[in-house]
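Please work from the sequences and hints to get the whole structure.
So the chains spell out like this:
Protein chains: 2
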Amino acid sequence: MPTEGLTAAELAELAQQLRVDSVRATDAAGSGHATSSMSAAELGAVLLANHLRYDFERPDHPGNDHLILSKGHASPLLYAMYRAAGAITDEELLTFRRQGSRLEGHPTPRLPWVDVATGSLGQGLPVGVGVALSGKRLDRVPYRVWVISGDSEMAEGSVWEAVEHAAVEQLDNLTLIVDVNRLGQRGPTRHGRDLDAYARRLKAFGWHTIEVDGHDAQAVDRAYEEARSTLRQPTAILASTVKGKGVEAVADQEGKHGKPLPDATEAIAELGGVRAIHVDVAKPAAARTLHAVPSGHLTLPRFETAADNGDQVATRDAFGQALTALGSARSDVVVLDGEVGDSTRAEYFAKEHPDRYFECYIAEQLLVAAGVGMQVRGHVPYVATFAAFLTRAHDFLRMAAISRADLNVIGSHAGVAIGEDGPSQMGLEDLAMMRAVHGSTVLCPCDANQTARLVATMADLKGIRYLRTGRGKSEVIYGPDEEFPVGGSKVLRRGEQDRLTLVAAGTTVPEALEAARLLAADGIDVRVIDLYSVKPVDARTLWAAAEETGCLVTVEDHHPEGGLGDAVAEAFADGRPTPRLVRLAVSSMPGSATPDEQLYGAGIDAESVATAVRLLVEKAVVR
Amino acid sequence: MPTEGLTAAELAELAQQLRVDSVRATDAAGSGHATSSMSAAELGAVLLANHLRYDFERPDHPGNDHLILSKGHASPLLYAMYRAAGAITDEELLTFRRQGSRLEGHPTPRLPWVDVATGSLGQGLPVGVGVALSGKRLDRVPYRVWVISGDSEMAEGSVWEAVEHAAVEQLDNLTLIVDVNRLGQRGPTRHGRDLDAYARRLKAFGWHTIEVDGHDAQAVDRAYEEARSTLRQPTAILASTVKGKGVEAVADQEGKHGKPLPDATEAIAELGGVRAIHVDVAKPAAARTLHAVPSGHLTLPRFETAADNGDQVATRDAFGQALTALGSARSDVVVLDGEVGDSTRAEYFAKEHPDRYFECYIAEQLLVAAGVGMQVRGHVPYVATFAAFLTRAHDFLRMAAISRADLNVIGSHAGVAIGEDGPSQMGLEDLAMMRAVHGSTVLCPCDANQTARLVATMADLKGIRYLRTGRGKSEVIYGPDEEFPVGGSKVLRRGEQDRLTLVAAGTTVPEALEAARLLAADGIDVRVIDLYSVKPVDARTLWAAAEETGCLVTVEDHHPEGGLGDAVAEAFADGRPTPRLVRLAVSSMPGSATPDEQLYGAGIDAESVATAVRLLVEKAVVR
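These protein sequence lines map, in sequence, to chains A and B. Be aware that the first sequence starts at 6, since it is given in my numbering, and climbs by one per residue. Be aware that the second sequence starts at 6, since it is given in my numbering, and climbs by one per residue.
It is possible that part of the hints are untrue.
Since the list can't tell identical chains apart, any single copy or any two copies may satisfy a pair.
[Said to hold, decoys possible] Computed cross-link-like contacts, DSS-like style, restricted to lysine-lysine with a CA-CA straight-line distance of at most 27 Å:
1. LYS208 / LYS495
2. LYS356 / LYS478
3. LYS288 / LYS624
4. LYS288 / LYS141
5. LYS624 / LYS356
For the record, the hints were derived by calculation from the structure and aren't laboratory data. None of these values were measured; they are calculated from a predicted model.
Printed below as a string of structure tokens:
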């Protein structure tokens, strides 16, 4: 029997249970955010008992609602709700924050009912927009998305990117619940308990807003009902609450953030003691399963090589074409653009598959978050903007990894090779950023066929996978049937007398090849490796090159730190004998110049590479 | 004679000149954003002629207004204004986007009249808030801050962080001019020319708004006048404009973004030909010079070493104390907090120097941008939040480097050593991020005295300097008089028989020292280097250790990519013989656990390090 329609008295009791359990969990852990959980107890209780549609035995049920606790530090409340729903035992509740426990300090998808990790504030709503967009425009399933947010985090710009997008897209399946408890970590928030300050702002963006006493269970119940029946607008429920509500020793006081209560026993008594109310959470209606098996034959674009007199092609163009082909073969592929689709070429996809193309405008945090939200629903998102502007979403990428998200990220206009636009538009730290994301894959193709293959391959990888593309046209080096396994590389030039190895990726591969030709004319043979898989890296091929040539020279259109040079060095970080290493990278601050001038200025064009190698030979650094 | 009070006809002529010059510059360059410049021509002309107070011969004049072109791609407009003001010649105007020219594709402070680099959208207003806050609360100089923004960039969350902060701080010296030309890069914006859509949002946040026809010079003039006379509120002028205004072939059309005009000669004719109107820009009133010489004796906190039975001290505590002392000695030091000052200990400064402490709430983009704005005015900002949350401001840090900003950045709660809170709160990619920032300094102190010294030292460095602090208490290793030059290191343990070298920084230094003691008990001598200066790195000491011990084992509380291991490898990236390298770092995804369990789980505690070294010895990897 579903518990929908608990009475006000029953709801109040349930809320007290959630408070008590929050106190118990944090007390057992010796740390954690008890007071931030207590303020939202009625908000959580009423949602769980009367409004959430969720089958805890089938977290993958396509009809399930999605509950995102954006104020992730209030995890004790969430875990208390899980206990009330019978999803976890009381015993497990008390493992909170212990080593090995699924009940981490901030929620992560190690728990099957958690969609995404939270704990970096201001991320719940942007991700919720992605989940809600899926419901409306992709899945066509009438689930609801409930985001419980703190008041402090309303200061994050990412929230307002999401507020804007949700309103314009009329996401009436999305409800934002703001726990306005007046106190942030270090003291009062900007607006205290002025609910109208929040409401005015949200209304101006087109939201429906409801102001409510967050400790009046009946009022909260009515607010949820109103949210569920509001059409063509997302709803924000602004709930006035008291941090630490229910326990005199901490209620509404500064300096009580992020701590267990001083006297748990006394607090539990004050809250009426331990309870064991079970909530039989209402299950969702049947809904069709998503993406049974992506089907259809994939016909990637094929580019003629330079050897066959093929045209020069930019890797961004190949990306756009391959993505479009992938979208024709697979119905689960979706594409998100940061208002630069004409430049990244994501726009090609839009023309063929407009229903699966999402314009996120110039809001890179929302861009990445919406992609994360869509992969929650089983879609395969490709989010694309300039490599430089992905730095705007660094925190979202970092958190996406903690969320165990499967996400394709494309950064175009990499490096100084873009030319005249200057440094603000140049991705020169993207490899460092993306390599340091936990479990990421980093791909850096140098020609059109390689790009096309990798665009298709990345769709089936796990985790955050990054593809770096370039602006300018370049020769097609590989035939269309060449394969490019992740973790592989291509030895493009080798000989018995190689005196060192040039290791390049992307734009610098043709430069390295040309440098090798120039050097060969001088009687200096060098090996050339195309290290298109920057992470994971093809250590074996690098080890062989080290052993056979003794010196590896990396050539990258990226700052010297954290990129290709680092990837190569890391292949030797297990204590084996290390070859001599030389890094050629972008060390100075570029200005405006033509692409050729930029590469020369950075010392990574063919002529500069050849000069550097000649110097190494002269100085007898290499054999 | 100042030109204040140009007639409408004269202003219209000046606007046409700015259009013509934008067309000429982009045509000469063969690239650039002509149409985005043309929409804002009246906005620029009226500002320059009738409202800006600026001495172009004295860009460092403390009374100068500050003009920030947030829509940096409209640089031709800005450069055309400089030509009209006599700051650059017509000849220089036509060097736009050429190699070596100061007139880059997007403005940078290579030009003395440009405060900060723009080109990553949504940054002008947040930086402007910092400049305006300086005027109000630090400098007490009545200059005005004018930010010219595009309409597309209003989608960036960072803009709304700034909108909120500016209103709460009642920055009536700040004017936002939005060039609502309806068209973004790839097509229409969300709100087209619906000025009221922008005005509603801004008003809800507490701004004064003015809607105006952006091509009606008199109306624009009145709007500026109204902005100047509005008290206790920042003003936004929402100007309806036409992209490419004045040239039929491009006006109000999609697909004309970021390109010179198809026929420049014809366009110039249509615009009435080349003009040479000179604007005698009004100069500011006299204002006192800022920060003649920071004075006062610096008395840093002194901590007793463990050897002298001193207490354990967290590096974040030492940071807070040293910062406070620095603030007493230097009146130019200002501190900005991201609503975690109680945790980072920036709050210590607030108690002593409340007038120079700025609470930016949970809005890390604004936090960094406001710091950048304050250094424009000669202040020495320290911006502090959790290391993990600095990723939120990555794009602002990247752009700050392009802005040649001098900025101190503090990231606390680094690494798994924070313990139970879990991965969302752990800075595990901060070293990779900060090392890859151009020209940055990266410092990672391991004890209280070292921290205190480095906090003081960093104040006088150039560029972006980063200091990483930890949450937990640890032994004081160094005496209070020890010196720690940037680019240095400390050899904490060395012997004739060292079989390898442990290289550590921050939290891992005590672990490495303890590992060395454990190993010594087994008869295995190892060297220990405290590499507190991660960038620049003390290559000489590493070279010596390599030569003398043959193997360097890095131990870091950070992901394996881009951090300490990379910094050490890079010291050998000039082709010299490379030692064997081993990286011990955080490779798996942490959950919740105690700090000790976390270090053990990551394999970077003393016991794990000793075990790893024993294995290297057994496998005869080391001598």
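Please flag the earlier hints that this structure goes against, numbers listed from lowest up.
Violated: hints 1, 3, 5.
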